[in-house]
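Going down the list, the protein sequences come from chains A and F.
Residue numbering for the first sequence follows this note's numbering, starting at 1132 and increasing by one per position.
Residue numbering for the second sequence follows this note's numbering, starting at 275 and increasing by one per position.
Any given hint might turn out to be false.
To be verified - For each label pair, taking beta carbons as the anchor points, the in silico distance ranges come out as:
#, chain 1, residue 1, chain 2, residue 2, range
1, F, GLU811, A, LYS1138, 21 to 29 Å
2, F, TYR547, A, ASN1249, 42 to 50 Å
3, F, GLU811, A, GLU1326, 36 to 44 Å
4, A, ASN1249, F, PRO683, 22 to 30 Å
5, F, THR681, A, ASN1249, 31 to 39 Å
6, A, ILE1209, F, ASN307, 50 to 58 Å
7, F, GLU295, A, GLU1338, 50 to 58 Å
8, A, ASP1206, F, ASN307, 35 to 43 Å
9, F, ASP541, A, ASN1233, 28 to 36 Å
10, F, ARG792, A, LYS1220, 22 to 30 Å
11, A, THR1133, F, PRO683, 51 to 59 Å
12, F, GLU543, A, THR1133, 35 to 43 Å
13, A, ASN1233, F, PRO283, 52 to 60 Å
What the hints assert, rightly or not - Away from chain A, derived, C-beta distances all over 10 Å, residues of chain F:
#, residue
14, TYR285
15, GLU319
16, TRP325
17, LYS413
18, SER425
19, GLU464
20, GLU729
21, LEU782
22, ASP788
23, ASP802
No lab work stands behind these hints, which were simulated from the structure alone.
No residue lacks a Cβ here, since even glycine has one placed at the ideal position from N, Cα and C.
Each chain, written out:
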Amino acid sequence: MTENGNKMVTIYVMGKKQKVPADLTIMKAMEYAGHQFRRGAGCRGGFCGACATVYRKKGSYKLQGALACQKIVEDGMIIAQIPFSPQEKVTYKINELKAEANTFLEYYPEIARCLACNTCTKACPQDIMVMDYVQSALRGDVTQAAKLSFDCLGCGLCAMRCPAEIVPYNIGQLARRLESKYIEGPTEHVLKRCEEVKEGKFDAEIEEMMKMDKATLSKKYNTREMKIK
Amino acid sequence: MSGYISGYPEYMQDSIRKVAEKRGSNLSSHGINAMTAEERQSILEHFHPDWKPNMKRPIAMGPSKGMMVPNEVADILEAHPLIKPSDIDLNHIDYDVEVLIIGAGGAGLSAALLAQENGVPVDQILMIQKLRLGDANSKMSQGGIQAADSSIDSPSIHYLDVIGGGHYANKPDLVEALVKDAPDVIKWHEELGVMYDKNPDGSLLEIAGGGTSRRRMHSCKDYTGLEITRVLVDEFINRGISNIEFTSAVDFIMDSKNQVAGAVLFDMETEEYRVARAKSTILATGGFGRLHIQGFATTNHYGATGDGIVMAYRTGAILRDLDSTQYHPTGAAYPEQIVGQLATEKLRGRGALPVNKNGELFVYHLEPRDIESSSYIRECYERDNGIITPTGMRAVWLDTPMIEIVTGPGTIEREFAAMFRNFKKFGIDIRKEPILVFPTLHYQNGGVEINPNTETSVPGLFCAGEVCGGVHGKNRLMGNSQLDLYVFGRRAGKAAAEHAKNASVGKLTLAHLDRYERWLAKAGVKTDRKSPILLPEYRGKKTLEHKLNIL
Chain A
1132 MTENGNKMVT IYVMGKKQKV PADLTIMKAM EYAGHQFRRG AGCRGGFCGA
1182 CATVYRKKGS YKLQGALACQ KIVEDGMIIA QIPFSPQEKV TYKINELKAE
1232 ANTFLEYYPE IARCLACNTC TKACPQDIMV MDYVQSALRG DVTQAAKLSF
1282 DCLGCGLCAM RCPAEIVPYN IGQLARRLES KYIEGPTEHV LKRCEEVKEG
1332 KFDAEIEEMM KMDKATLSKK YNTREMKIK
Chain F
275 MSGYISGYPE YMQDSIRKVA EKRGSNLSSH GINAMTAEER QSILEHFHPD
325 WKPNMKRPIA MGPSKGMMVP NEVADILEAH PLIKPSDIDL NHIDYDVEVL
375 IIGAGGAGLS AALLAQENGV PVDQILMIQK LRLGDANSKM SQGGIQAADS
425 SIDSPSIHYL DVIGGGHYAN KPDLVEALVK DAPDVIKWHE ELGVMYDKNP
475 DGSLLEIAGG GTSRRRMHSC KDYTGLEITR VLVDEFINRG ISNIEFTSAV
525 DFIMDSKNQV AGAVLFDMET EEYRVARAKS TILATGGFGR LHIQGFATTN
575 HYGATGDGIV MAYRTGAILR DLDSTQYHPT GAAYPEQIVG QLATEKLRGR
625 GALPVNKNGE LFVYHLEPRD IESSSYIREC YERDNGIITP TGMRAVWLDT
675 PMIEIVTGPG TIEREFAAMF RNFKKFGIDI RKEPILVFPT LHYQNGGVEI
725 NPNTETSVPG LFCAGEVCGG VHGKNRLMGN SQLDLYVFGR RAGKAAAEHA
775 KNASVGKLTL AHLDRYERWL AKAGVKTDRK SPILLPEYRG KKTLEHKLNI
825 L
């Protein structure tokens, strides 16, 4: 089936049958079919998680998840967007926490209900080992939970599938902040440079350049030493 | 490449083989020398899209009348407001706050946190955003953020790189603020819990970027913007600051003292208008990538429709440097589904070199972005050394397999998780095969003029982030937009909090919209266009990518 030179496929957007070019992403296919997104679209490049989508393929019982901006349509695909997943992010004072298992259990006690069924991992469009980072948090391995969850976009698909009703991405977020703040800690050379700036160490040099005419400044720029090798 | 199935069509295989054959000698040659100042000026004039004739026109009216801007920008400025003053009942105030923040990217979030830290109660700060909390170009930044914090670097050297890269058009006092605040921004991020990439000794990884004379780019894999934004969002929620999602501003409200005193809000879902009154208003709406200047594909977020410059201009704010637009050298050119999306500059910072269809080097890989982009256009169009994609785009190779030859195996999956994943979905393993790239519309270099306190020429209106002009002159360097967001977002939050302590709001008015109509009429602008446009139009056939008319 072709139309204006495009190979076409049939998809079902929330059950409504649409004919769309075969090489489009789900997002573009929905736009082609006349939708203008208000919810359910964000960066359009796989970096924000606004366009979480579930679908079933023709002849398959499996409910699969994807980001609409990253997944190409297939003939017979039945699509529903999940642009919002209900969750309560607990609030905490980051300066008063400890990087340990009890912190996770205090704020998100439901993680103890994890069945280790791996449904979250299978639902993740980023191929993150979601169950493994939830289990890491449960064990108090903050570093492992932070590292494994790092590529999470917070799209919500794992939380929508979890039979224990855990919201894994909130656990990941807490783990990463604990890792940076309490395990890695501040960077010495950054703190040192902040002090130097405060003391005015660079003020005279910068003020001199601010007053330079363009010719002098451009000569200085064009002859500056490059130290990047 | 035995046993490996290529993600590229058969007709490209010969060229891919040439790239692989020359990889060793290209690497040992250490690339090509940087251009001289004269060569740079010449290539810009001949090949940069900013220099192409008939693509810009002077703004017809208003305080920056006569300033050359892209036609697409003139179109949204020379347009009627969405609302008439008579449509809105200013006596019915829905939200009455000390600080109103429009936009929830890096600049808006930083402003909100700093307004709170400077004494504004959390229920007296209101942040609104057109899409979700934290959804913005800020989140899409891959490569990193600059800060001169190593022993061989200094804010002074950073200053020189910024102002030279910007062609000396930058406002010096804004550059001073940018480079001097930079180390403190990194310190602040680490206190909040941002996971920066570190060396085994605990020091920050420092990466090279185009136009930088030192390695000073800091990264969080290639999800730098995502990592910083989600930490700021988490903290924003922790502090309980008021926020409304899926609500846009359509115009500012002014008062009898000629100050900005809030905004008319528009609920994107119920399509109702709301009145927000504020003592200080911070504009942090980002840039205009989704206007598709000159038909270019863009790396930008769905919401990047230039709303902020329109709203500010109607209040009488001055614009600057909007004649220059940033085209990122390495937008994806293949496969079709990801055309225009960003292939981070960090790839070149970590060793990938651009080569033509014969596998030959043709430009120093870390020129400032405008120069680098111009050289890719020259290679494809004047020298005809580009690869032509199945949809008719021209492109050059970025030889990503070089990265692991230089830095060792594992680097790509570790440092370029997003890029590796995005290309793998389309059957391309960037560890083994190069990628096709061509310049893509990336950044609004200019915008609303501010001073180092983020004040505009209109009292009560503060601006931060990509919506502003002056920080980057006529060309921004890699990693300085992430930095800009936090430097000026934090300054805006502080300045707006201070201003709110002493400000008093007069009688609310939308008379400036009537004045704008008079400006349009006097300038002879006859049009049905309305702005801000709020969302780009991609329905129906507009979904399909249009081809570029480059030269």
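Item to check | Violating hint indices (sorted, rising) | outcome: 3, 8, 9, 10, 11, 17, 18 and 19
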